[in-house]
Each structure stands twice: as C-alpha cells, then as structure tokens.
Amino acid sequence: MRRSWFKLSACLAAGLYLAPAANSMQWQRPTVSPLANLLAQNPLAAARGNPEEVVVAALTAIRQNRLDEAGRLVDGLLEAKPNYRLAHLLKGDLLMARSQPLAGIGSAPVVDDKLDDLRAEASARLLRYQAPPPAQQAIPANLLQFAPDQQYAVLVDAGRARIYLYRNDNGTPRYVRDFYATIGKLGFDKAREGDQRTPLGVYFVTGHMPREQLDQRYGKRAELYGVGAWPLSYPNDWDRRQGRTGSGIWLHGVPYDTYSRAPKASNGCVAMSNSDISALSPYLLPGTPVIIAGEVEWLTPTAWQARRDGALAQVEAWRRDWESLNTPRYLSHYASDFKSGNADLDTWRAQKQAVNAGKQWAKVKLTDLSLFGYPSAQGDLLQASFMQDYQSSNLNNQMRKRLYMRQEAGRWRISLEGSAG
Numbered sequence: 001m002r003r004s005w006f007k008l009s010a011c012l013a014a015g016l017y018l019a020p021a022a023n024s025m026q027w028q029r030p031t032v033s034p035l036a037n038l039l040a041q042n043p044l045a046a047a048r049g050n051p052e053e054v055v056v057a058a059l060t061a062i063r064q065n066r067l068d069e070a071g072r073l074v075d076g077l078l079e080a081k082p083n084y085r086l087a088h089l090l091k092g093d094l095l096m097a098r099s100q101p102l103a104g105i106g107s108a109p110v111v112d113d114k115l116d117d118l119r120a121e122a123s124a125r126l127l128r129y130q131a132p133p134p135a136q137q138a139i140p141a142n143l144l145q146f147a148p149d150q151q152y153a154v155l156v157d158a159g160r161a162r163i164y165l166y167r168n169d170n171g172t173p174r175y176v177r178d179f180y181a182t183i184g185k186l187g188f189d190k191a192r193e194g195d196q197r198t199p200l201g202v203y204f205v206t207g208h209m210p211r212e213q214l215d216q217r218y219g220k221r222a223e224l225y226g227v228g229a230w231p232l233s234y235p236n237d238w239d240r241r242q243g244r245t246g247s248g249i250w251l252h253g254v255p256y257d258t259y260s261r262a263p264k265a266s267n268g269c270v271a272m273s274n275s276d277i278s279a280l281s282p283y284l285l286p287g288t289p290v291i292i293a294g295e296v297e298w299l300t301p302t303a304w305q306a307r308r309d310g311a312l313a314q315v316e317a318w319r320r321d322w323e324s325l326n327t328p329r330y331l332s333h334y335a336s337d338f339k340s341g342n343a344d345l346d347t348w349r350a351q352k353q354a355v356n357a358g359k360q361w362a363k364v365k366l367t368d369l370s371l372f373g374y375p376s377a378q379g380d381l382l383q384a385s386f387m388q389d390y391q392s393s394n395l396n397n398q399m400r401k402r403l404y405m406r407q408e409a410g411r412w413r414i415s416l417e418g419s420a421g
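Residue numbers 1 to 421, in my numbering, belong to the letters of the sequence shown in order.
Derived by calculation from the structure, the hints in this document are not laboratory data.
Careful: at least some of the hints might be erroneous.
Claimed, not checked - With a straight-line cut-off of 27 Å between C-alpha atoms, the simulated BS3-like cross-links for lysine-lysine are: (1) LYS352 to LYS365; (2) LYS220 to LYS114; (3) LYS339 to LYS401; (4) LYS185 to LYS220; (5) LYS339 to LYS359; (6) LYS81 to LYS91; (7) LYS352 to LYS363; (8) LYS339 to LYS365; (9) LYS352 to LYS339; (10) LYS339 to LYS363; (11) LYS401 to LYS365; (12) LYS91 to LYS114; (13) LYS401 to LYS352; (14) LYS363 to LYS401; (15) LYS185 to LYS81; (16) LYS81 to LYS220; (17) LYS114 to LYS81; (18) LYS359 to LYS401; (19) LYS185 to LYS114.
Construct the complete structure from the given sequences, taking the supplied hints into account.
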C-alpha cells in the first residue's frame, strides 16, 4: 500500500485533454463522469460548488469531447471565481476548440508567462480525482498517536500539492477533508534561509495573524498572504541539530486578485486559496500539529495499529528502564549520535551513572503522549512529546519533553532529547 498513487505521467503534465482515463487500481474511487454530468445540469450549482471539482469535471468533459457541457461548467465557475486564472485558460481553449482539435491544455493562443504553472496546477488537481489517495480507508503513517488535547492534525503531502485534515477519535486519526496546496518554488526539504524550499518535519501552529495585523506589520507586502497567516514552529530542535536555517514558515492565503497559485510558487510557505484556508482556519489553533511530508505513506488500519503499538512499546520500555535505575539498560535506548543540549552520549552516560548512584528509588510517569512519524529525507524518524512527571528519593520535577528517535540496530533509539517548550 506504500506509495500507492500513480506516478504523474508526461502525457498528463503536457496533454491533459489527450490523456486516457486512469486505470483501475486499489482504492480507486468512481470515475468523475457522474460528477461532470451532475454539475453540467445546472451551471449555477456548478458556480456554488467546489471549484476544484468543477475544474476536474470540465477537464473530463473536454477530454470526452463534451464541449458544450464543459463550457457551461467553466462559465459558471468564472461567474463565481472571476479571478481564477486556470478557469480563464480553459475558457480560451474551449473557444479555440470550435475551430480545431486541442493538443493540450493552454492550446489557445493566449499570452501567459505562467502557462507551465497553470498546467501543473491542472495536473495536480486532476490527479487527486483520477488516482485518489486512500485517505478515507487507510491511515497516514505519520499520525500514530494524538495527545488528548490535540483535536486535529494537518498533514501536508508536499509532493502531491495536497493538505489533509484529520481529527482525533480517541487517539485514532479520522479523515475530515483535503485541499489543494502550494509549496516552495524549488520544492521541499528546506536546508537554509532563502532557498525557496518548504521544510519537511513535524511542526505546530504558534498563532494567527489576521489580515489587519499583517497590513500593520508588512504594509503592501501583506497582499501576498490573503486573508491571513498561521505561523509554524520552524525551525524546531531537530532542524537546528541538522544545521538548517531560516524562519517565517507559515500557512497562509493568496492575494485577493488570485484564486490559487501553482503547486510550486511560494518562498517556502504552504499557501492555499483564501476560501480553502478560511475553511481550514477553525482547526488551526495554537498547538495544532502540522506534519509536512515529501510523500505520504498510507497504511491499512491493521498495519497502522502494529506500527503504533511498536512505537508506544519503545517509549514505554525507555520509561520503565529509566525508572528501574538500571543505568546500562536505560542507556541502551540512546543512539550513538545522541545529543541533549551540549551533552553527547559519553557525557550523558557519565551524568546518569552519577545521578542514579545517589538514588534509592525513582518513579517516572508520562501523560499527554503524542507520536508522529517524522518526515525526513535522511530516513525514518519518530517524534514523541509528553508531560513527564519524575519523582525520586531526592528529586521531583515536571516538564514537557520531546524525543526524536531513529532506527539503529533494528530498534528505535533516542537521537535527540529536550524540553518541548
């Protein structure tokens, strides 16, 4: 089931109208033709509907040579979204189709220096319906355990220009809806400031800047962010450990004179149409997890449960061995490249041996635990966050803690440990 989407073919990218219908596959949804027919029956209904569905229905109708139907769909869409450039491009193609066959999207002799961007947007939107993700049947491997106070999580599939909203159903992720999204001009896996890439990782919403606040702070530049912006916690501890630089990674809207942007058009942020981010905004509360992945791995519920149980067992074994005051067993949970602040594994070992030698007993309790598969181009990681209540014969404390774990010698080992802030 991993990487189960179709690869985007060259014919889809360059000749959407000529591409054949998608072959059947596991998780395949019904063809979009009924959607096209339904919307075409009432252009006003099309205008009020999901603009993406209308675009997909129009593209499908054009490919099937139902040009009158496509025309009604596009006209209704333009009435509702007059600043939607992709819809204007389709309108030009439909006018040209009256005199000659279309070779591909953007065949009409229009002057547009962003034609490739519009083709890429059409491809990304059409792919969502032709080879849909199994979001309602499978579970993303990145979402393993919600903390009780995390009611929702946002998952960005940067490689597919898609955002998914999941809710917390007693710790299990449940699909709510998904949206088209824009990422950095040069793709993802941000490494340094100004590289125009979107970071990969697990981040959290840190606040909300409405348009009025953006206007006061940024003046005319605020137009880029549309209805508002939701800053994310980039760079996090893992990013800093890797030497990544930069800041100001947000979820935000688009200029009011633009309905949507190309799949790769931002300076590193994740951008959405103003209507879509307005629909998502009630769920973007401070502390909401936002996971940005290059590609989402989809798991069956059974496989997801097994992976979740395995990760929880590793965290519990670490807690139990720490509590036991068995220092060698406790230290076996740490990776060879471990860091905590300025301490490496050797320093950490010496500290823990000295501390444990002076204790008669210890109790460690972990609550509000969240577990996320951490997207990384360097390999699989796991992020665990929790409230830690530590009590011992000579010290008691409480703190929020975060662990970053990687696979070493066939098990999860802690590579970075620190406060969750």
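Now for the hints, and whether the structure bears them out:
1. LYS352 to LYS365: 18 Å, holds
2. LYS220 to LYS114: 23 Å, holds
3. LYS339 to LYS401: 14 Å, holds
4. LYS185 to LYS220: 22 Å, holds
5. LYS339 to LYS359: With Cα atoms ~24 Å apart, LYS339 and LYS359 stay inside 27 Å; holds.
6. LYS81 to LYS91: 13 Å, holds
7. LYS352 to LYS363: At roughly 15 Å apart (the allowed maximum being 27 Å), LYS363 and LYS352 satisfy the hint.
8. LYS339 to LYS365: Answer holds: LYS339 to LYS365 is near 23 Å, not above 27 Å.
9. LYS352 to LYS339: The hint holds at about 14 Å.
10. LYS339 to LYS363: 24 Å, holds
11. LYS401 to LYS365: 12 Å, holds
12. LYS91 to LYS114: Status holds; Cα separation ~16 Å.
13. LYS401 to LYS352: OK: LYS401 and LYS352 at ~17 Å, within 27 Å.
14. LYS363 to LYS401: 16 Å, holds
15. LYS185 to LYS81: 25 Å, holds
16. LYS81 to LYS220: Holds - the C-alpha atoms of LYS220 and LYS81 are around 23 Å apart, at most 27 Å.
17. LYS114 to LYS81: Roughly 19 Å between the alpha carbons, so the hint for LYS114 and LYS81 holds.
18. LYS359 to LYS401: Holds, at roughly 22 Å.
19. LYS185 to LYS114: 13 Å, holds
The structure agrees with every numbered hint stated previously.
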